[in-house]
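Got two chains here, each in a separate frame; can you build the complex from them with the hints?
Below are the chains, spelled out letter by letter.
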Amino acid sequence: MDLFYVLVGTVVFAVGGPVLGCLLAGIDRKVTARMQGRVGPSLLQPYYDVRKLLEKDRVAVNSSEEVYVATALVFTLLAGGIFFSGGNLLLCVFVVTLSALFFIVAAWCTRSPYAEVGASRETLQVMAYEPMVLFMAIGYALGIASMTGFLSFDVRAAFYMPAPVILSNVLVFAGLLFVLTIKLRKSPFDLSYSHHAHQELVKGVTTEMSGRTLAMVEIIHWCENVLFLGWVGLFFIWNSAASILLALAVVAAVYFLEIWIDNNFARVKWQAMLKGAWVVALVAGVVNIGAFVVL
Amino acid sequence: MAFASKSPWVIHYDGSSCNGCDIEVLAALCPGYDVERFGIINTGNPKHADIFLVTGSVNEQNKAVIREIYDQMVEPKVVVACGICACTGGIFHDCYNVLGGVDSVIPVDVYAPGCAVCPENIIDAVVQGVAVLDEKSKALKKKRKEAAL
Ligand code: SF4
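Each protein sequence line maps, in turn, to chains A and B.
For the first sequence, this note's numbering begins at 741 and goes up steadily by one.
For the second sequence, this note's numbering begins at 2 and goes up steadily by one.
The following block holds chain B by itself, in its conformation from the complex (with noise of 0.2 Å):
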């Protein structure tokens, strides 16, 4: 049995959203939604986060912090697109420095569209997301044992 999913930490990044996005990750963490109950918890470390959340398009100027929080990032990790801009780019696509969704810089593993992205859809988000992470988790630990043979 895998832990991953019992105890999924997220990470929250703000690429350039237009705030709504972000006011909605919030909200599923507050006791209306209260994600604790799945083991949830918004850590500010990237090193002790399980579950990347990223809102709003990329730009030129956050490619490079996306990249640094992707990388600090433990393996088995997992990326969350919240929101339609940070799906595709969404109403900013065309902007002269955004350079789309946040599949652009790392690879994305749940799209979460919506604008602004509910909470009740990142909860499901995270829900799948989590079931990725079982599955990293699994193949990281059968990857180990084949080292040690």
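So here's chain A without its partners, still in its complex pose (with noise of 0.2 Å):
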């Protein structure tokens, strides 16, 4: 049955997902651009974008690199499908992650020195942020155990508690927002592959890939970041309709605050980046679930 709700949810996500994430990228760029003293764009733009993309000639470097790309694609979709459909938010941790290795070896198997820096970069990013986010599911499992008494990662189950995980994750929460600023590609961590113009080595993991297969890189940071602020809203749902509105609040500030960090910081060496985000991941992460084996 389980797999069952994990094909319709990825269907479904499949639709929806796309949809949200470019209406979210259509608002971060507006609200960058009131931020930056601009008009901006219209709110369809990353629409249309990709649809020019769609449009323009195919000339891939090799044969390999739009099927990795793909592969990434419908493995964001598939951890899409896990999270929105209730299930295993460990196991959704691992496919995305299995999509990010997807889109790194996409940047490699160009062999342009180019691609491969920010192929490299997204290497580093993954390890920094990675710790963190697996601190989060067990934060997460944690919380919902204290409440039963027995461990469950899987996220239908939020909706069953008395209260919400947040109560006893604060600092894994916490460490998730930093994390966040990884995963979401904002300044000052956005290493491998930037939206602001002329700050990267040409354009950083996606500098050999044109036309349809940007289009899809597009289409995988759309889905990542509706994921992404999915388990933001998770740590806020409790067994109450309420609960949800309250979520979606805390979703709209937190996308907010990633959109003025982007703006008002300039990006760190990647050095910086490792070593914050791994004592972040150590204090919060080890700090929250130390408390809860102890207490």
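No lab work stands behind these hints, which were simulated from the structure alone.
A hint or two may mislead.
Stated by the list, open to error - Simulated restraints, written as ranges between beta carbons of each label pair:
| id | chain 1 | residue 1 | chain 2 | residue 2 | range |
| --- | --- | --- | --- | --- | --- |
| 1 | A | 899 | B | 147 | 48 to 58 Å |
| 2 | B | 32 | A | 747 | 39 to 49 Å |
| 3 | B | 68 | A | 1019 | 42 to 52 Å |
| 4 | A | 914 | B | 116 | 53 to 63 Å |
| 5 | B | 142 | A | 885 | 55 to 65 Å |
| 6 | A | 799 | B | 146 | 51 to 61 Å |
| 7 | A | 989 | B | 65 | 23 to 33 Å |
| 8 | A | 853 | B | 140 | 27 to 37 Å |
Claimed, not checked - Some, not all, of what chain A presents toward chain B, calculated at C-beta under 8 Å:
| id | residue |
| --- | --- |
| 9 | 773 |
| 10 | 797 |
| 11 | 800 |
| 12 | 856 |
| 13 | 942 |
| 14 | 951 |
What you are looking at is a predicted structure, and each value in this text was computed from that prediction instead of being measured.
A virtual CB, placed ideally from N, CA and C, is assigned to each residue, including glycine.
Here is the structure:
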């Protein structure tokens, strides 16, 4: 039965994820423009961009690059399906990491020196956020366990709880917010693939990608954003319809905060990112999870 | 409907410009003129760009570079010569190593004269370039359809 839910969830996410993600990206660009004192593009600009990319001629460097990117897209959709159908959070984390790995391989396989720099930076980003993301899943499961008595990574479990998981996971949530900046590809941690003009070695991971492949990369990015914001919202869900509204409000506030950070901080070196993320994971994750074990 | 005109991403290359035109190109991207209103984004990657903005004249040194950037751009693509130097060689036209305007190495679609070319002119030229882009995009679609038959 679980598999059935995941499949239905994946199909629904494959339609809803890109639509929502596209609107989020549009809002991002509009808000960014306002923060910089500009009018900014229309809300649907990200959609126009992708449609334009699909119209471009097909000039792939090799035939495998597009396959890797398409696989990354499929795994992102699957991760979204697992999450939004109420499935296993840990599995969702692993599947979305697999998608990130395929994206890295896609950049490596082109043999372009610029794409390789981007790919190795992307690898560092994955290394930086992964510990905290795993702690997030563990913290969630322990939060559920502290209320029900048994460990469950299931997302749907949150909807049956008497209180939101955030109450016992404040530090884990703070850590998640820190790595969220890396995951959403926002400055100061947009090391591998920046949306801002001219701060990149050509264009990082996507240097050799064009047309349809680049369009898929954009769609992956949209879907990932929706999924990661879903993780944020999950911490505020409990057995009450009002909790969904609260979760949405928190998600909106967090997204605004991320855009604000993006516009106000210059990019850091990868050493600072890696150290920062690991220290945060160590402090936030280990202390919070240690508290569960001790108390 | 072609979407090429809705999201023209540009790449800017400085040939042997005196930097006057370059500053104007960048001014067009700044808040005062904010060309992102029209979906225009400055990319540093020829493979992502639709419009090639060249400033300054062509000389023996940069001939190959301009060719290379043009060749790496993916169809449909448009070239805009920004400033009189890029159009004809301008004030530098009779220098010993200057070959002339951009059209001496690659086909140019829109000429934006001026010394220096003002941001309004650049925006005008890009808007004209966008119309050409749409045509090329439609032609490409037709060609693809024919190839599929
Ligand atoms: S057109 Fe005038 S301002 Fe522009 S590059 Fe030539 S000399 Fe400089």
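Going down the list of hints, with the structure as the test:
1. A/899 <-> B/147: 48 to 58 Å: holds (54 Å)
2. B/32 <-> A/747: 39 to 49 Å: 47 Å Cβ-Cβ, so the 39 to 49 Å window holds.
3. B/68 <-> A/1019: 42 to 52 Å: holds (49 Å)
4. A/914 <-> B/116: 53 to 63 Å: Holds - the Cβ-Cβ distance for residue 914 of chain A and residue 116 of chain B, about 56 Å, lies within 53 to 63 Å.
5. B/142 <-> A/885: 55 to 65 Å: holds (57 Å)
6. A/799 <-> B/146: 51 to 61 Å: violated (19 Å)
7. A/989 <-> B/65: 23 to 33 Å: Violated - the Cβ-Cβ distance for residue 989 of chain A and residue 65 of chain B, about 56 Å, lies outside 23 to 33 Å.
8. A/853 <-> B/140: 27 to 37 Å: Given range 27 to 37 Å: holds, Cβ gap about 34 Å.
9. 773: holds (6 Å)
10. 797: Status holds, d = 4 Å.
11. 800: violated (10 Å)
12. 856: Because about 15 Å separates residue 856 of chain A from the closest Cβ in chain B, which is outside the 8 Å limit, the hint is violated.
13. 942: holds (5 Å)
14. 951: holds (6 Å)
The structure does not agree with the numbered hints 6, 7, 11 and 12 stated previously, though it agrees with the rest.
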